[in-house]
Amino acid sequence: MSASGTVGKVKSAAEVVQGIPSGAHIALGGFAIARNVIAVVHELIRQQKRDLTISQGVVGLDTDLLVGAGLVKHLIMGGGSLDRFGPVPCVNRARETKSLVCEDYTSLSMCFRYLAGALGLSFIPIKSLIASEVLERLEAGAGAGDVQRMKCPFTGEEYVALRALTPDVSLVHVQVADREGNCQIDGPRWENEEQAKAGRRLIVVAEEIVSTEYIQRSPERTIIPGHRVEAVIHQPFGAVPTAVFRRYDYDAEHLRLYVEHAQEPKRYQEYLKKFVFDCRDHSEYLEKLGGAKRMEQLKADPVLGY
Amino acid sequence: MSSMQVSEGTKGKELVPGIRATEIMAAAGARELRDGEVVIVGLGLPEVATVLAKRTHAPRLAALLEVGVMNSVPKDTPVGLADSRIFYRATCWSGFLDVMGMNLHRGVVDAGFLGALELDRFGNINTTLLKQESGKVRYINGSAGGNDVASLAKRVMVIMRHEKRKLPLAVAHLTSPGFVGGRSRQELGLRGGGPWRVITDMAVLGFDSVTHSAALVSLHPGIRLEELIENTGFPLHIPKEVPATPLPTAEELRLLREEIDPKRVYLR
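Line order of the protein sequences matches chains A and B.
Position 138, counted from 1, in the first sequence is what the working numbering calls 138; the numbers after and before it change by one each time, with no gaps.
Position 126, counted from 1, in the second sequence is what the working numbering calls 126; the numbers after and before it change by one each time, with no gaps.
Pulled out of the complex, with its shape left as it was, chain B reads as follows (with noise of 0.2 Å):
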């Protein structure tokens, strides 16, 4: 659904010449998902990655819907989750209880892979509402599933656009919690391991293990360091040494434009 939905990258955007931002966002994605590993979904770029990984280094990856779709192999293009094309050939139907129950609330799901309308320093995730400069809210989706699987999946990753009011150094709400005022997820009584990754047009950001704030981990190929900068709401760990994201192979484009989006509608 929407909330699990994820902001699409700038519309056609090159970061090199060639290769759209959202398709080194995918690429990005997918190989943070190792062979084997159960993983929840949220449509859009996130469900893109999840495919491209299943289709090259981790073909036995499981790939769960919170509606209660497993392992589905959509021959079109599904607009939301409860899109019946997102139900075609799937290894099993059933629903929340089970996807989001037995399967994650159980702890047995790897990654939980969201969208956000705002996520800030320490990882925490908005997707109910946003704050207009005259004090007025906007309110949109609310949680869904984005709460259950922030506060559950062992590594949470977010995929998202990468503009400073989107990263705020607090966000406007807190519908899914990361680490909450920078405490570990054991003192706030979670289960679930917490962000892990944040994809975005720009850079792949990651979180400091002693203070759980942001830390670039990657920078994509064509962006300054200082644009990034610019372009964040909070401060970020620099590393001495940034290295840049490694681009889609040629195999990897070609599966993405060629077989899994053809019709760009998530890789704009």
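Same shape as in the complex, but just chain A (with noise of 0.2 Å):
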């Protein structure tokens, strides 16, 4: 928390997931094991928000700590991967014994449902997904109202159309955010724009709260504008054990860790006690993680990013 507290858009996580109604529709901005909103997760974990439908480009860390918590019931995601340290296992074990709804897309198509929701499309077409399973599974499961087959009105070309996404919140994880939610990115940006744009309610935690005159030295940079950001919550080293670009880097021992108890559901409930349910906030967490000799070790060179 900054040490002015709760001015104008700055709140916690703990405050901003108490807005957040179970069933809601919630896109995630991480990727893989980068830029995680684990700050928020963690808080949605801890308030049991439940029934939850989660959107995201390429599932990490984050969706699978929330449907390895049981919150989940629907999931619409692009692909997923904890990178090198495998597939994600909580999101797997739930799809093999259908504990959960599971749409899959692609991360194109992911983009475009974001991309026609920001626009205030209600649909999009594009030439990926044709002649696969993935499309025929769509079809005939979940994803029966969101895809349809259509040809081009002037060409005559085969597309499949998609429904626009437009999430209840959407969340993002930024390097730097002013208090009016001026939000900058650094490093790729993968679907942020889009899934950010394309929310419903739009929240952002950011590393650092920086004053508008700094936002104001380069809004070339500024990928997400404050008007368009119902809150920010102040979290630095709010992804980790994900990484952020000139941040930090992604905590690969606890990585490792967090794979090992999610082999198995009993394990993992040890996980959740642990680094969840028996911490106040997320600073009891990174203190669990080796607080603050931890996070100098993970602190990212300025020069090389990471």
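Don't read these hints as lab results, they were simulated from the structure.
As the structure is a computational prediction, the values presented were derived from the model and not from experiment.
Do not take every clue at face value.
When the alpha-carbon atoms are kept at most 27 Å apart in a straight line, the in silico DSSO-like pairs for lysine-lysine are as follows [stated by the list, open to error]:
1) B:240 with B:75
2) A:293 with B:166
3) A:288 with A:266
4) A:98 with B:131
With the hints as a guide, bring both chains together as one complex.
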């Protein structure tokens, strides 16, 4: 929390999550083990927000935590991975035991669905998915109402129409934001801009709160403008153990520990108890990971960015 | 990401004395890329092959990563597509919409370099799930950018390990389309040119221009034809004269070993 407390848009993760109802559709802005909104995800678990619909381009640790905690009933995703730490264990187990409904898309089709939402279009055509089982499974399952084969009205060319995605809440983790929510993202942005702007509500987690004057020095780098942002959560090391470019590296040790626990539902509950339920907030969680000393080790080299 | 990652060749396996299968694969992959082309690359051996091409015959190759990174020159070996290590010294940072939308979907990507859990005789790729003999399904990674690249790139190349179970008659899940059912890409309604080369630790495969089914292009030195057939789950067109895959040159080996992957993260 910033020293001046809850002024304007700056809020704590706990406050923000209190305003997210069970059953909401939440779009997450992480990619595999990069820029995951871990601080908010832990809070969603502590506050037991249930029956969530989660959408994400490439699901990572963030979605895996929510699924493992049993809070997700519907998953809309383009793929999933924890990079070299392996596949997403809880998501894959939930799919195998059919304990959630899953709509499996591709990176670009997820991005297009968010783009349509962000542009206020009700659908968007795409040339991917055609002739694949990805499309057939969507048509035969939970995606039946979201995909439709169509022909271009001008050329007759074959397309797949995708229904726009307009999540109830979009969450994005960024390096810097000002108190009004003007956000700058360093490094590649995967589908963050489309995913953020498709949301009916948009909440950002910032590593650092900067002055508006700082933003005004390089406004061309503002990916999300403040007027679209409902709340800013100031949480340094808010994405740990995932990486935030130019801030800190992923915590390989903790990711291995996570995967090890996630192999077994019983051990996974031990993980949740220790690192989520038994922590009052994100700072207590960071303490359990080794506190300031560990964070110092993870800190990025200013030239390399990791 | 992992669905675009590649299964590495058998650990440290040398096909001829002093040269590993993975090194032959990387060099074979590099030779499939031409100077000035635009390529979308997955992590692992595709990335190694692309860097090798750039450092040798194709300095003006544009190498794109789906997350929105162009032409990066990593100093340390990255572990994934969202690893900050792979953002280093890039010429452009953008996102999916730019790389996969305004380049790939736009039709300017010449080649896509993918990995696969399974690949069948028509070059269809599975990266979603595996079916165990008991019938139990195990989910892995899904498509991510794989289906998009396979649908839209002008040529699709796959680097994978050569095993019978990984090269079945039909894939357990058709994630990314090749020549589905032996049909042409036009018939399928797909814009991209489809599968072009499959580079394994035994051979380079291509696809017959009429039947669209897999054909042997070249056999790696040290591999016998019977061995290849035994380890392939689908019938292969075999040319009368089977060429040998060229070995990496001394300079290619030096670049691979000393500069591109000195820690042998991928060239295992």
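Okay, the hints, checked on the actual structure:
1. A distance of roughly 45 Å separates the Cα atoms of residue 240 of chain B and residue 75 of chain B; the hinted pair therefore is violated under the 27 Å criterion.
2. Restraint check: the Cα-Cα separation between residue 293 of chain A and residue 166 of chain B comes to about 45 Å, which exceeds 27 Å; the hinted pair is violated.
3. Proximity of residue 288 of chain A to residue 266 of chain A is assessed by CA-CA distance (about 20 Å); at most 27 Å being required, the pair is judged to hold.
4. Between residue 98 of chain A and residue 131 of chain B the CA atoms are separated by roughly 15 Å; this keeps the pair inside 27 Å, and the hint holds.
Comparing the model with each earlier hint shows violations of hints 1, 2; every other hint is respected.
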